[in-house]
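So the sequences go chain by chain: A and B. The C-terminal position of the first sequence is numbered 303 in the working numbering, with every residue numbered one higher than the one before it. The C-terminal position of the second sequence is numbered 258 in the working numbering, with every residue numbered one higher than the one before it.
Warning: the hint list may mix true and false statements.
Straight-line C-alpha distance at most 25 Å; calculated BS3-like pairs for lysine-lysine [to be verified]:
{"id": "1", "chain 1": "B", "residue 1": "K228", "chain 2": "A", "residue 2": "K131"}
{"id": "2", "chain 1": "B", "residue 1": "K173", "chain 2": "A", "residue 2": "K67"}
{"id": "3", "chain 1": "A", "residue 1": "K136", "chain 2": "B", "residue 2": "K95"}
{"id": "4", "chain 1": "B", "residue 1": "K173", "chain 2": "A", "residue 2": "K262"}
{"id": "5", "chain 1": "A", "residue 1": "K272", "chain 2": "B", "residue 2": "K173"}
{"id": "6", "chain 1": "B", "residue 1": "K18", "chain 2": "A", "residue 2": "K263"}
{"id": "7", "chain 1": "B", "residue 1": "K173", "chain 2": "A", "residue 2": "K131"}
{"id": "8", "chain 1": "B", "residue 1": "K251", "chain 2": "A", "residue 2": "K272"}
{"id": "9", "chain 1": "B", "residue 1": "K18", "chain 2": "A", "residue 2": "K274"}
{"id": "10", "chain 1": "B", "residue 1": "K159", "chain 2": "A", "residue 2": "K68"}
Worth flagging that the hints you see were computed from the coordinates, not collected in a lab.
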Amino acid sequence: MKALLIGEYREGKLLDTTYELCGFAAQLGGESAMLLVGSEGQLPDYGGTLYLADAAACGEYNPDLHKKLILETVARENPDYVVFVHSSYGWDLAPRVAAALKAAQVSEIVALADGGFEVGCCNAKMRRTVKPATSKAVLTIQAGAFPVTRPGGTPRVERLAAEGSGTLEFVGYEPAEAKGVDLTRAEVIVSAGRGVGKKENVPVIAALAKALGGELGASRPVVDAGWVDHSHQVGTTGQTVSPKLYVACGISGAIQHLAGMKKSDFIVAINKDKDAPIGEVADVLVVADVLQFAPALTARLAK
Amino acid sequence: MKILVCIKQVPDMESRFKPNGSGVWFEETDLAFRMNEYDEYAVEQAVRLKEQLGDAHEVTVLSIGPDRVVEAIKKALAMGCDRGVHVQDPAASLKDPWQIAAIIAAYARDKGFDLIFTGMQSQDRGSAQVGVTVAEDLGLPCTTTLVGFAYDNGTITAKRELEGGVKGVVRVKTPALVTCQLGLNVPRYPTLPNIMKAKKKEIEAIPVGDLLREEARTATASFHPPAKKGGGIVLEGEVGALVDQLVGILKDKTAVLR
Ligand SMILES: Cc1cc2nc3c(=O)[nH]c(=O)nc-3n(C[C@H](O)[C@H](O)[C@H](O)COP(=O)(O)OP(=O)(O)OC[C@H]3O[C@@H](n4cnc5c(N)ncnc54)[C@H](O)[C@@H]3O)c2cc1C
Ligand SMILES: Nc1ncnc2c1ncn2[C@@H]1O[C@H](COP(=O)(O)O)[C@@H](O)[C@H]1O
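Please build the complete structure, drawing on both the sequences and the hints.
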């Protein structure tokens, strides 16, 4: 069995998620090779064969060209699996490669399963076991699901040259918005999720945050709806926090939210759904209507 | 300009899921269905583009699934799409993303759409494959995970959302396909007059057999809940008692309360 791992590189840097691919490959067993559109100056800690194309020449986001490079490498290595991280880079590129190879694609793998792969579904509430029905398969692994593994060693570099432009023009990066609130320093964070119902209820959660001496956090829908400013958002596209106490109010526990808070020392979730996936990381799951529970807790703390 | 939006109808994610007789998907009875959240952003952006360009331009909304998906199509029509296409497939949930993409591509192939919108992923299956695969099948340029969209004279300027809140700005010429991320816009609620108007809009029904020629490339072996990990405490009961219990635990286990 052979896996071709597609490393990630952005804004001039090799991304650490690349090593999650190595963690996945280690569980899979067998051989691996890696392809990276990156730079000579930042080779991964990886002792195998590395197909390297220069990001300065190819562009960091140029799916047409990256696809071509991957297909060229597949022709040389003949891997059983082409593996990406399920990230803005991976989910964009993987289906293009799968289509070209006429290969099965299995997305967002969280674990290996008997003869197949475990993937999340129904907003992380359920799982499916999926098996590719083609000889080659394209896989994406969920960020954070496999251990960061640095195999060590110096790669044997095979340089790839890319030619041609592509159908997309990459204009540039826009930095993340300046953080109005630095949640990473807070000892206590109380976050409002969609379960708080409406903007008018956010002060109920903010009052609990205050009573616990902490800051207000938020899940993404609450931010997208304009109930809370983006600078409070916790998750993959917000801040990553690890306070002493994290209280999730009306938050289901989608993987992108968990990625931002699961390292907190102590997690309390208040949710009316006993099966909400937040229960998987919570030290305490309070099954209650947050609009009743939060004010009652605030009142009790004020005593 | 001809615009296509692809929407999926999915169950409310707050539902309780259990495997159905097939063992590879969920039991549908008792579930409430609605439009996939990501697709609401796609519909809204398509309608806004039409509003920008004028009435001569047309937005078609397409959904594959059993009869219930007509409700989602009607909502999209009430939001401002012009015509609906229902690809009738009672067994859509057993098709893999490749087949769903192949159905959409087969429908769109000769229709000359200038722009196709999809969601970046469906909430129930969440493969994030269908949009990009349709584009590959049709040979269209494609970019994904849009949180910003502007159109001017055949060129789309898209903002892709990357990890950590960074965005990547990309330009692409139509014809093209884009996939929409949460927060791209603020989807409108259909108003009563628009719901009434939507009742007169045409919904074309096409049996899936007319469009699908492809075999599945993956097989689902089972559908099941995650193995419970972590021995978290679950507190249930009357609110006053719950507050007391939680305060006790916080005093015991954290340095936050004394
Ligand atoms: C690429 C990408 C990046 C993303 N980045 C982020 C990110 O950075 N941060 C983030 O948070 N999300 C992010 N998301 C979105 C994420 O997938 C989820 O959609 C989101 O986290 C859901 O937010 P929520 O839990 O508040 O809402 P929902 O999933 O709608 O959950 C609401 C919860 O509230 C509960 N509830 C409802 N009413 C009550 C009540 N009265 N009392 C108690 N509980 C109640 C429900 O049972 C449910 O569990 C991202 C998604 C993608 C695709
Ligand atoms: N049954 C369907 N009918 C129409 N469009 C769909 C269907 N399934 C998926 N899509 C579209 O493809 C996108 C991605 O879905 P998925 O690949 O399942 O995550 C969705 O947001 C929809 O826009």
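Status of the hints after comparison with the structure:
1. B:K228 to A:K131: OK: B:K228 and A:K131 at ~23 Å, within 25 Å.
2. B:K173 to A:K67: Cα-Cα ~19 Å, so holds.
3. A:K136 to B:K95: 19 Å, holds
4. B:K173 to A:K262: 41 Å, violated
5. A:K272 to B:K173: 47 Å, violated
6. B:K18 to A:K263: 30 Å, violated
7. B:K173 to A:K131: This hinted pair is violated, its Cα atoms lying about 37 Å apart.
8. B:K251 to A:K272: 24 Å, holds
9. B:K18 to A:K274: 15 Å, holds
10. B:K159 to A:K68: Distance of about 24 Å is within 25 Å: holds.
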